[in-house]
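A.B. asks: Following the hints, position chains V and R against chain E.
Given next are the chains, with one letter for each unit.
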Amino acid sequence: MASGSAKTASGRFFEDFRLGERLRHATPRSVSEGDVSLYAAIFGPRFAVQSSNPFAAAIGYPRSPIDDLLAFHLVFGKTVADVSLNAIANLGYADCRFLKPVYPGDTLSASSEVIGLKENSNRQSGVVYVRSQGFNQQGDVVLDYIRWVIVKKRDPDAPAPAPAVPDLPQAVGIEALGAACPPIDRGGYELALAGSPHLWGDYEIGEKIDHVDGVTVEEAEHQIATRLFQNNAKVHFNLFSEAQGRFGRRLIYGGHVISLARSLSFNGLANAFAIAAINSGRHAAPLFAGDTVFAWSEVLARQELPGREDIGALRLRTVATKNRPCGDFPDRAGEGYDPAMILDLDYWALAVR
Amino acid sequence: MASGSAKTASGRFFEDFRLGERLRHATPRSVSEGDVSLYAAIFGPRFAVQSSNPFAAAIGYPRSPIDDLLAFHLVFGKTVADVSLNAIANLGYADCRFLKPVYPGDTLSASSEVIGLKENSNRQSGVVYVRSQGFNQQGDVVLDYIRWVIVKKRDPDAPAPAPAVPDLPQAVGIEALGAACPPIDRGGYELALAGSPHLWGDYEIGEKIDHVDGVTVEEAEHQIATRLFQNNAKVHFNLFSEAQGRFGRRLIYGGHVISLARSLSFNGLANAFAIAAINSGRHAAPLFAGDTVFAWSEVLARQELPGREDIGALRLRTVATKNRPCGDFPDRAGEGYDPAMILDLDYWALAVR
Amino acid sequence: MASGSAKTASGRFFEDFRLGERLRHATPRSVSEGDVSLYAAIFGPRFAVQSSNPFAAAIGYPRSPIDDLLAFHLVFGKTVADVSLNAIANLGYADCRFLKPVYPGDTLSASSEVIGLKENSNRQSGVVYVRSQGFNQQGDVVLDYIRWVIVKKRDPDAPAPAPAVPDLPQAVGIEALGAACPPIDRGGYELALAGSPHLWGDYEIGEKIDHVDGVTVEEAEHQIATRLFQNNAKVHFNLFSEAQGRFGRRLIYGGHVISLARSLSFNGLANAFAIAAINSGRHAAPLFAGDTVFAWSEVLARQELPGREDIGALRLRTVATKNRPCGDFPDRAGEGYDPAMILDLDYWALAVR
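Taken in order, these protein sequences are the chains called E, V and R.
According to our numbering, numbering within the first sequence proceeds without interruption in unit steps and concludes at 353.
According to our numbering, numbering within the second sequence proceeds without interruption in unit steps and concludes at 706.
According to our numbering, numbering within the third sequence proceeds without interruption in unit steps and concludes at 1059.
Chain E with its partners taken away, still in its complex shape:
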C-alpha cells in the first residue's frame, strides 16, 4: 500500500479490504476544552447543556458533555486514513447511535469492521461498507455507525471479492435512543436560559421549521475544523491538486455542513439538546468556501421513550441549502433534489418534556 516512498501510507484501495476485517485506527485523541472552544467558534452552537457546566449539572450531567457532532467528527476523522483516503464518494451513513456522553478529558479512539464489499460494474472501484466505533479511554463504545463509500481500485484487473451488501436499517429503533442521556431533572432545566419555551410535546408531526439564519463558510474555517478532527482527506486541504480536479477547488468536509445545520437549528429546536441517533444522511451537493448555508427541519416523528418522563425523541429531517434561504422549505424535486440542497439528514434528537 505504498506509493512514492516505501514508508508513506497512501491509503487502502478497494482490493485491499477483506470482509470481516477489523481496522484499528491511528492517533487516539484526548478531547479538551480547547476543542470545545474551537467547535463553538467555527460552528456557533448555542445549546445550553453543552455551553454551561452549571446548566448541565443542574439537570443531571456531571458537567457539560461535548457536542455530539464533535465526538462524531473526531471518530470519523480517525477512520479516513484507513477507509476513505482513496474514496471517490461518501455515499451515506446509517444506524448511527450515540451511546455515551463524551466529556473534556476523555480520550477517543476508533476502529472499523468491514461489513460489506461490492465491486462496481466498471471494475474501476467498489463500494466498501464499514461499521465504525468510537471508544473512550475506558473502552466504552461512545458512538457506533455504518458508513459506505466508493473506493478506487489500485488495479482494475485485481480480482473482486464475492459481493456482500449488509442490511441497512431505515431508522434507528427507539430502544437504542437515550443511552447517552442521564435522567434529566426537569426542575433544573430553565427554559429562559435554554432559549425557547417549546418542549417535546409542542412539536407536531409534519411541522416545518425555517431556521432563518445563514452562515457563509471561509476556507480557513473548514480547514481549521477538519484538521482539528485530524481528518486528513486530501480534497479539503490541497488547492494545488484540487485546482486540477473535479471541482477546481477545495471541497468542504461533509460533516462541516452537518454541524452548521445543527447549530443553525438551535433557532427553532433549542430544547432538542442532544442527538441520539442518525438514521441516514446524504450530501446532495458539494459545498465550497464563499457559499452561505441555510437550513430548515421537518418533524418526522415524535416518540416517547420507554421508562422516561424527562425526555422524548423527535425524529427530524434537517435540510441544508447553499445560497438559498429556506423560508419556502426547498426539498426533493422528483427523483432528485432542489439544486440548492446540500444536505438531507434524518436523525433522532432528544428534547425535554
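Since the hints were made in silico from the structure, they are not lab data.
All the pointers check out, no bait thrown in.
Short, incomplete list of chain E residues facing chain V, as computed with Cβ under 8 Å:
no.	residue
1	V36
2	S37
3	L38
4	N53
5	F55
6	A192
7	D213
8	E218
9	E221
10	N267
11	N323
Built from N, CA and C at the ideal position, the CB exists for glycine as well.
C.D. replies: Relative to chain E, chains V and R alone:
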C-alpha cells in the same frame, strides 16, 4: 414574535419592548482556557497579567483573569438575540463597569433591563436603551453597562410608548473603579516581563501615543471570534443576504475593533493591564475584511484611587482607524470624524504605580 | 528607542545591541490545552504521543507533552520584540536543543544573550547573533538555540562594534539528544495507534520519503497561529504597509512552514515522535497565503543514543516546497535551490526502536 415558522425566534421589534421589563438572556457560557487561547490568537494581546498565571499570582490574583473585553463580548453576545437582532444601528455604550475578575472555569450569564424607549419621528423604528448585566456562577455581577440601539418596528402603525430617555453619565466616577482588581503586590510586578518601564505616574494628561502597528482583518477571523462570543447578529455571518444589503458585504462586529485597538495599545500602555470602565464608545464607521486597523491613544485624565497606592486610573481615549497609520493622530474633524476613523473609545484603565 | 511616541517601543536597531548583553523578554505565557487545540487545528499534527494522554502515559510521560515546535514558536515569539522587530532577514538557526518536555499548565518565559555582532559593509545594517533560551515556571531551560538576523541601523553613521562572529556547530552532538524524552516503555507503545509499523531501525541512511500530502495556507490561518505565539513581527499582519513593501503582501512566519512540514512528515515518520534538536534551518524562499505546501525528508544519519535501548535518533533533512509536489524530491540546484523550495531543515528526531 415568530416569522416563517412558529418555533423560530426572529428577535424583538421596537414595539415588543416595555419600559422596566427585564430580559433574561439565553445560553449561559462556561469560560475555558480554550476561549482564552482563541482570544489571544484572534486579537494578539500581550499583557502579562492575563497571559501568565505565575505573573498574575505574583501580584495578587489567584491566577490570570481573562481579558476584560473577552468577558464583555461574552456578555454582550447573549444580549443580541433579545435586544438587537432587529437593530439598524448600535448607537453607543455608557456607564460600563467591570466589577469582578472572570477566570477560566467561571460561567457567565446575562440579563438586561429596558431603561429607555423613544420612537423615531419616521415611526419606522425607535431607540431602545438597556442596562445589561453579566453574572458569574455565584450570581455576582461581573459587568454592568448601558447600551442603546435603533430597533426596527415590525409594524409602523403599532402604538409607541411614552418617550423615556435615561440620564447617561458622561463618565464613570472614580468610586466605581478598581473593584475588579485585587490589591497588587508591586514587588511581584516585574517590569521587564510586563514589557514596559512606564508606570501610571509617567503618563501626562494630553499625552498622545501612537500604537504604531497595524493588523489586517480576515473574514474567517471575525466570524470565528464573533461566534465564540455566541453573538448571532446576522450581518456578521451571512454574505448571501449582506451582498444585497447596505454595504454589499459582511459587517465586522464593532467589539472586534475594540479588542484589536486594545491589543495594539499594549505598545505604549503595557502596564495599563486592566480596563476598569468604559465611559463611552462610538463606532465612527464600519470595518470590513481586508481593512487594516491602526490605533492611537490620548491620556484624558490620571486619577489616584481612594485607599490604593498600588494602582491608579488612566482615563484614555483610544481611536482606531482603518487603512491609515496613526503617526499624526487622526481625530474628529469639525462636526464629524476623520474619514479613516472607525472607533472612538473613552475608558478607564488601571495601571501600576 | 522610541519613534512617534515616547512610550511606544519600536524595537532595537543594530547599534542598540551590545556583545554579551542579556535581554529578558516580555510577556511570560502560560500554555494551555487551548493552545494545543489551536496548534492541532492550524497545523494538523497526528503524532499519538502529543495527541493522547493515555498513549503518552502508557509509554512513560506523565501526560501528553505539547508539540516541540509549539514550545519553539512560543519562545521565539517572545524574542521578536527585542531582537528582530527591525530585522530585514532571518538568516538561520543553529544548536537548537529541546531539553525538557513542556506540558499544558507550564508557563514559558524567554531571554536572549547577544553572542555576535557584525556590521554589514553597506553600513545600513548588521548581523546580530543571539542565543535564546526558553524557561518553564521552575526556571528550567526547556529550549536553547542560536539565531542570527540582519537588523537595520537606525543611523548609518552610528559607530559599529568590533566584529564578533560566534562559532556555530554544524550539528548538535548526540550527547545533547534525548534529554527531554523520559525512558520509553516500548511495551506500552502500540504501533497501530501510532499509525506506522516503521521503527528507528527500519530507516536507512540516504532513504528519501515523500510525505505526499499538500496543504494550502490561508491568511487567517497564519495570522491566528502567529498571534497565538505572541509574535508581533509586522510583516505577518499588516497588509496596508506590506502592500507597499518588498512582496506586495503579507509574509508568512517562517516557523509556520516548519510546523506544516513537520505535520506533513507524520506520513512516513509517524514513530519519530519528538524533535530532539535542530541542527540548522534555512528559509529558501518566502511563503504567501494561497500557496500549497508539500514536503519530503531524507535520512541523513541513524544514531544510537548512549544508554538508551528504547529510542534512537534519526538525523533528518526535511525540505518543503510551495505549489510543487515532492514525488521527485526537489532539492538544491547548483549553488542555489529549486525555485519551489521554501525550507531546508536539518534536525534530529527521536524514534522508537
